[in-house]
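**Q** Single-letter residue listing:
There are 2 protein chains.
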Amino acid sequence: MLRPPPGLWPNLVAAQIFGAHTGVGKTIVSALLCRTLSETHPSYAVHYLKPVSTGPEAEADDRHICRFAGKRTQSKCLFQFSLPVSPHVAARLDGNVPSAESLIGLVSAEFSKYAKEKNAVAVVETAGGVLSPGPSAESQADLYRPLRLPVILVADHRLGGIGTSLSAYESLRIRGYDVDAVVIFKNEENGGILGNHEYLSDFFRKEVKDNFFVLNQPPAPVLPVEEDQKNVETYYERAVRDKKLGPLATLLVENHKSRIEKLGSLVVAADKAIWHPFTQHQGRSTKDILTIDSAYGDFFQTLRPETSLETSTNPLLQPAFDGSASWWTQGLGHGNPKFSLAAAYAAGRYGHVMFAGAVHEPAVALADMLLAESKNPRLSRVFYTDNGSTGTEVAMKMALRASAARYRWDSRSDDILAIGLKGSYHGDTIGAMDMSEPSTFNEKVEWYRGRGFWFDFPQVQMRNGAWTIEPPTGMESEFGPPQTFGTLQEIFDGSRIGEKYRLYIRDVLTKLVRDGKKLGALILEPVILGAGGMVFADPLFQRTLVDVIRKEPEIFNTYPSSGAPSDSNAWAGLPVVSDEVFTGLYRLGHWSASSLIGVDPDIVVNAKLLTGGVLPLCTTTASESIFEAFLDDDKSSALLHGHSYTAHAVGCTVAITALKEMKGLEASEGWEAYRLEWNPGLSDKDVVSPSPRAVCAKASSRIWSMWSQDFVSQLSYKTSVDSVWALGSVLVIKLRDVHGQGYTSNAAAGLQKHLLNGQAGESWSIHSRVLGNVLYLMTSMQSSPIVLKAISFAVLEALD
Amino acid sequence: MLRPPPGLWPNLVAAQIFGAHTGVGKTIVSALLCRTLSETHPSYAVHYLKPVSTGPEAEADDRHICRFAGKRTQSKCLFQFSLPVSPHVAARLDGNVPSAESLIGLVSAEFSKYAKEKNAVAVVETAGGVLSPGPSAESQADLYRPLRLPVILVADHRLGGIGTSLSAYESLRIRGYDVDAVVIFKNEENGGILGNHEYLSDFFRKEVKDNFFVLNQPPAPVLPVEEDQKNVETYYERAVRDKKLGPLATLLVENHKSRIEKLGSLVVAADKAIWHPFTQHQGRSTKDILTIDSAYGDFFQTLRPETSLETSTNPLLQPAFDGSASWWTQGLGHGNPKFSLAAAYAAGRYGHVMFAGAVHEPAVALADMLLAESKNPRLSRVFYTDNGSTGTEVAMKMALRASAARYRWDSRSDDILAIGLKGSYHGDTIGAMDMSEPSTFNEKVEWYRGRGFWFDFPQVQMRNGAWTIEPPTGMESEFGPPQTFGTLQEIFDGSRIGEKYRLYIRDVLTKLVRDGKKLGALILEPVILGAGGMVFADPLFQRTLVDVIRKEPEIFNTYPSSGAPSDSNAWAGLPVVSDEVFTGLYRLGHWSASSLIGVDPDIVVNAKLLTGGVLPLCTTTASESIFEAFLDDDKSSALLHGHSYTAHAVGCTVAITALKEMKGLEASEGWEAYRLEWNPGLSDKDVVSPSPRAVCAKASSRIWSMWSQDFVSQLSYKTSVDSVWALGSVLVIKLRDVHGQGYTSNAAAGLQKHLLNGQAGESWSIHSRVLGNVLYLMTSMQSSPIVLKAISFAVLEALD
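Those protein sequences? They're chains A and B, same order as listed.
Taking my numbering, the leading residue of the first sequence gets 1, the next gets one more, and so forth.
Taking my numbering, the leading residue of the second sequence gets 1, the next gets one more, and so forth.
Honestly, I wouldn't trust all of these hints.
No copy labels: a pair is met if it fits in one copy or bridges any two.
What the hints assert, rightly or not - Okay, derived cross-link-like pairs now, BS3-like style, lysine-lysine, Cα gap no bigger than 25 Å in a straight line: (1) LYS272 x LYS635; (2) LYS635 x LYS113; (3) LYS500 x LYS789; (4) LYS243 x LYS375; (5) LYS518 x LYS272; (6) LYS422 x LYS635; (7) LYS635 x LYS753; (8) LYS272 x LYS375; (9) LYS257 x LYS118; (10) LYS635 x LYS718; (11) LYS118 x LYS718; (12) LYS718 x LYS789; (13) LYS422 x LYS551; (14) LYS635 x LYS116; (15) LYS257 x LYS511; (16) LYS551 x LYS500; (17) LYS287 x LYS635; (18) LYS76 x LYS206; (19) LYS244 x LYS257; (20) LYS118 x LYS71; (21) LYS209 x LYS663; (22) LYS660 x LYS551.
Calculated from the structure, these hints are not laboratory results.
Okay, chain A solo, but in the shape it has when bound (with noise of 0.2 Å):
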């Protein structure tokens, strides 16, 4: 699925036809619906509209439609198959597949030209069963969901009907369908023994209120004869004069308006209700709140903003692309019935367990996976918490027990403080705040106090088309001056300047300790700093402050009776946290964003991908060592947190699903040809080894990016452009700024609001956040390469 297109119109009633299986009377329903309307609604045009239709029995369908649905109603059929069989059948047959996209594109197309009208209805029906294929194999709820519409479940009357009802309404619920009515027929047959529309009543009633309609079953129509044909039009005159269905063609009409309306005021009621987070709410109007109707795949489906919501021909859905991964935590497509189904087998079989002395087998399987895949040997137990601020916290509290208890300090009143890089960020809990250093984000947090110390540190960017790495203003004489490379992956495989750094480094941490510092940890975002701005620093950099640090634990030993741990994998000098909440798990193409600098940590902290973009989940993963620093004969030494939804089994069965899916991508062709295009003839295999020309071992594996390096190169040279990167599915574009930068500036808003209003013409706009200056997009793990051209084109175009 590519771009979902829009299902809703000011002025176009649409509803779309389910059947519980094949053959409990859409067509039935259809042209009553369609028949009814036409008297109840005279001011609308009824359209009816079977995509796809398939056999001899299509046809008669079709006539069907033609005689009975009044002569008002004008119906259309886009794909009419030969045989009597299933969709997916039939179209083979035929030598005609086409696809989702082009079949949902076009009933698209139709609803774009009924809302023309002023007033019009159409009655959609599908083919068969809730998850009966479509032509292409998929099936009904999952081809049309792109389009949402509001659905008329048919249910069914005959033995076992009950069953097969409830189970295609549960199928169109997990993929977000809102069904608005349901229809039965009275089964006569025995005196009404089976009472299928008794049972249904009781429990839809519940679900959809008073649209649950019962008809009575219609005499069977048999084509050639004229008689039979007869008694059906007197069924349909009774019914509709009995009005059976009028209460269902007002309730579409009103639905559809009332849906609009909620549509339109739920700006209104977030900002009256709503404390949105990181937003200053002073002069925000409701046109800055963007209206989510639902999502699917790569898009949001939001309401066009300055469209007016009664009189407008165009839809007032528009979709656009999810372009900060909703905050980053997107990777595999929103509304992917395959996580609806994982979160509700969860909820099924446990619901949440509490954890504390318990265990289920989701924790522990999503644990040994963690642990297997990471690659990493120290590693050994994982801890969960709620979310990445969460998760860092205690990764800290890991970190600092393990370095007071080496070290001897008091944890009552010595100061520990954290080693980190400038512009760090790792939560926005007060713990996880004091991990970084005085900025915009915590000057106005009354309990923040900053406790560590934080490197500046050479920055990773491409200018005109040259990849560089630049030291920090005036720190020339320690960094040296900006170098250039040829590709990204060079600057991975180790620039010339390893020793400066290891001089620099081990002169600064040496003299903070001589000064008194208790330095407990060192905590680093691999590679990409996000939240602080989205800053490549220098993979080097990072290694060489980790090597320093492990390799002359001497600087922190301050009391030589400790000793240096003997066991490989034990924590030397400082514990090493790796805080891969943004950057893991895939968002820079690989598992581990450690391995990237050639670093296995003590901890390491994973959340956002983990879950698949669905809920919220975070993993805390400790080495042995670390472990053990909490071993003790009292029991209040025990790492005393844990969150009532600890290792929630929904969290944990929704994550292990994602993750294999990952992993099956990272394998995939698709992402084979990143590669290639990254490194033209570079394999893994080429680039395992240790490099022999730096401090920094090679990374093991490519560096790669979604965007393609033509584009990035592109951007590069643009005149607003001050700089620009690309790595794995992110995108980075820093814009010049001439009143000064950081979190506080608005030079990229232009470019922001530029490309979410899309440009004219277009049916599809691209949703981004910025930090400041900066503006950054994001892919989804399967993003389609067409999509990613796409943007790529209009972000080139909308910086001329």
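Given chain A's structure and the hints, the job is docking chain B onto it.
**A** Okay, now just chain B, sitting in the frame of chain A:
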């Protein structure tokens, strides 16, 4: 559902045959499977069990099994209804409707008999399709869910059968079933053009791997015609000879073994890979870890620790009452399909969509609901986070910004303190920890620095049948001597020493401010201090604390120019934060816990029960006057807080479902019965007006518990019990501890162990958590009175 019976024995291989629809051939698959098992596994006794059968067709089924399932197969039907219709109709017509509980109790009892054999296998056939109703109208999948047997799904080979098969599979998964295998008949009509088995094979190979079996369709047997019967016999003979279901027979036996092995090894794997929350791992053995196979209603299905996994004839699983409500999160039952479907719907419609600058329907609907139901005129803004800890940090950020602005403090240099009660606890992140006084929980946390002043306060408990309020040791001069009350309601109606409290509180606060302390917020857990030890604070003390702060703001107002707020909903003195993470949303029997102390807080934090015990979500709801403290032209003055999954749609949707459900229970007869048991003759009308007797306004509603007053009173007389109390769903037993008290006490551990092991002859147990010498038990919001009675009995007996 009362107690889910176990469904797993070491010697009994059991599987349940579900059909994608009625008439798909479940009986033929069952017969062939039994017959195959007889051949391939001669050492196993083979049982065919049809719990419910209807109509003459059922007789035919029975005869079919008797004739074709092989001589070694013993078959049994538990309920045989006469008419050939859905069991829910047939049972009613026969005037014999077994409850779901009695029916699966009988199935489990059968199993228990089979399990006495050395090796046995049970093939349990359901009736109709997956969601076809059973005798008591629950669907098949819901009815048998407590047993959660491995499933063999018979898919549908007929027209439309692809859709019904896939939907049936989804309905099973939503309810937490593991589907081991899928069987389908090949449909040879019209040259096999339907191809259901081909399509489904592609799908199911991803789900059940090789365990997708295609069978030739047997000839239809016509009973009286011996020739037909012979043809059928030939079909079976050939199918058995060709070992058509041989791999399935082997699979069942192997899966059974591996399920048991996996269950048994889970603790070993967990002990190796999991860092458990709040757990001292030193000396912890795998025996201390509870293995939870699944959960249903108020019960876990736990692996019986004492049972040998291979040889016992006892069931391997034992239902254990989830007495800590899984760390206080549960209220509406584990494995509730309503929540599974709600979660799946939101995941299907949105996944997670970013919330900064955007809005979606469930987030607004939940916010509106929380604001409306709180009945607190101050509250106007909902801020979302992920758990109680992050939610209280946000609350403190809000409160401190407001007070720092009004009192003109400098956020970077002034140390601003929170006011609270001793023993309070607000979460495990550093900022939340800092809100509590130094204690066992935080003494070894390097970055903890308590920032507050914490009041000691009188406590409520029942001793020897009398409700008492007792001052802390040595504080009789401040708070007066212990007082005794006839009912708990009277304590909430206001004790007679409000004025004493007022003078004391004013003195302490005045002195603190005079000493230069900057007091910035009050944070309270209303009525019950949870994690700090389940302490019941005198509601009048808490109420008076708020009253003094609000009515005498001059205590804090050291800058005369800052002025008093004119709006009666604006905060006065100090922002009052109510941490209702544990106590709110009906845990204490009422939506709002602060309403029990007659206080409208400025900020309220909710979590835990919020999402019906499925997954993490937290709301921090604030007043407009707090919100306004963040309004500024400078965008960095915003509340710069927001987790990636802020306001995730899945959590908001499940929360709305859960809150509606609990609102319904509040109005139910069951709860009214509890209320009347606690206060006979008292109605809500009687308690709405403020009490003239005391400073404290009456609580706005009745004080009650799901635990009976009688039971609480009996407990209070036990010699090993120090004191006891019950409120809402919570029961707290404080045990006498001669070795000193507090979190590190082991006094309650003995009782805990006793309850978990269960008594001789009991087939279930009670899982509980202790806090030092306190053991607490929590019901869900809809626990059965029968279960509560049984637990009461068990607890009393354990204390004898």
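**Q** Next, verify each hint and record whether it holds.
**A** Hints versus structure:
In this assembly of identical chains, the alpha carbons of LYS272 and LYS635 lie at most 25 Å apart only when taken from different copies (19 Å versus 48 Å within one copy). Taking CA atoms no more than 25 Å apart as the test, LYS635 paired with LYS113 passes in neither setting, with 71 Å inside one copy and 44 Å between copies. In the homo-oligomer, the alpha carbons of LYS500 and LYS789 never lie at most 25 Å apart, since the shortest distance is 41 Å inside one protomer and 74 Å across protomers. Taking the shortest alpha-carbon separations for LYS243 and LYS375, neither the intra-copy value of 68 Å nor the inter-copy value of 43 Å comes in at or below 25 Å.
In the homo-oligomer, the alpha carbons of LYS518 and LYS272 never lie at most 25 Å apart, since the shortest distance is 47 Å inside one protomer and 32 Å across protomers. For the homomeric pair LYS422 and LYS635, the shortest alpha-carbon distance between copies (22 Å) is at most 25 Å, but the shortest distance inside one copy (37 Å) is not. Taking the shortest alpha-carbon separations for LYS635 and LYS753, only the inter-copy value of 18 Å comes in at or below 25 Å, while the best intra-copy value is 55 Å. Taking CA atoms no more than 25 Å apart as the test, LYS272 paired with LYS375 passes between copies only; the shortest distance there is 17 Å, against 49 Å inside one copy.
In the homo-oligomer, the alpha carbons of LYS257 and LYS118 lie at most 25 Å apart inside one protomer (14 Å), although the nearest pairing across protomers, at 67 Å, exceeds that limit. Taking CA atoms no more than 25 Å apart as the test, LYS635 paired with LYS718 passes in neither setting, with 61 Å inside one copy and 29 Å between copies. Proximity of LYS118 to LYS718 under the C-alpha cut-off of 25 Å is found in neither arrangement, the shortest distances being 46 Å within a copy and 79 Å between copies. Proximity of LYS718 and LYS789 under a CA criterion of 25 Å is satisfied intra-copy only: 18 Å inside one chain copy versus 76 Å between copies.
Proximity of LYS422 to LYS551 under the C-alpha cut-off of 25 Å is restricted to the intra-copy arrangement: shortest distance 23 Å within a copy versus 46 Å between copies. Proximity of LYS635 and LYS116 under a CA criterion of 25 Å is satisfied in neither setting, with 72 Å inside one chain copy and 43 Å between copies. With identical chains, the CA atoms of LYS257 and LYS511 are never at most 25 Å apart, being 70 Å at best within one copy and 62 Å at best between copies. When the C-alpha separation of LYS551 and LYS500 is checked against a cutoff of 25 Å, the pair qualifies only within one copy, where the shortest distance is 16 Å, while the shortest distance between copies is 64 Å.
Taking the shortest alpha-carbon separations for LYS287 and LYS635, only the inter-copy value of 17 Å comes in at or below 25 Å, while the best intra-copy value is 54 Å. For the identical chains of this complex, LYS76 and LYS206 are neighbours neither inside a copy (35 Å) nor across copies (37 Å), given an alpha-carbon limit of 25 Å. Proximity of LYS244 and LYS257 under a CA criterion of 25 Å is satisfied intra-copy only: 22 Å inside one chain copy versus 57 Å between copies. Taking the shortest Cα distances, LYS118 and LYS71 sit within 25 Å of each other inside one copy (19 Å), while across copies they are farther apart (73 Å).
For a Cα distance limit of 25 Å, the shortest separation of LYS209 from LYS663 across copies, 18 Å, qualifies, whereas the shortest one inside one copy, 44 Å, does not. Taking the shortest Cα distances, LYS660 and LYS551 never come within 25 Å of each other, neither inside one copy (36 Å) nor across copies (59 Å).
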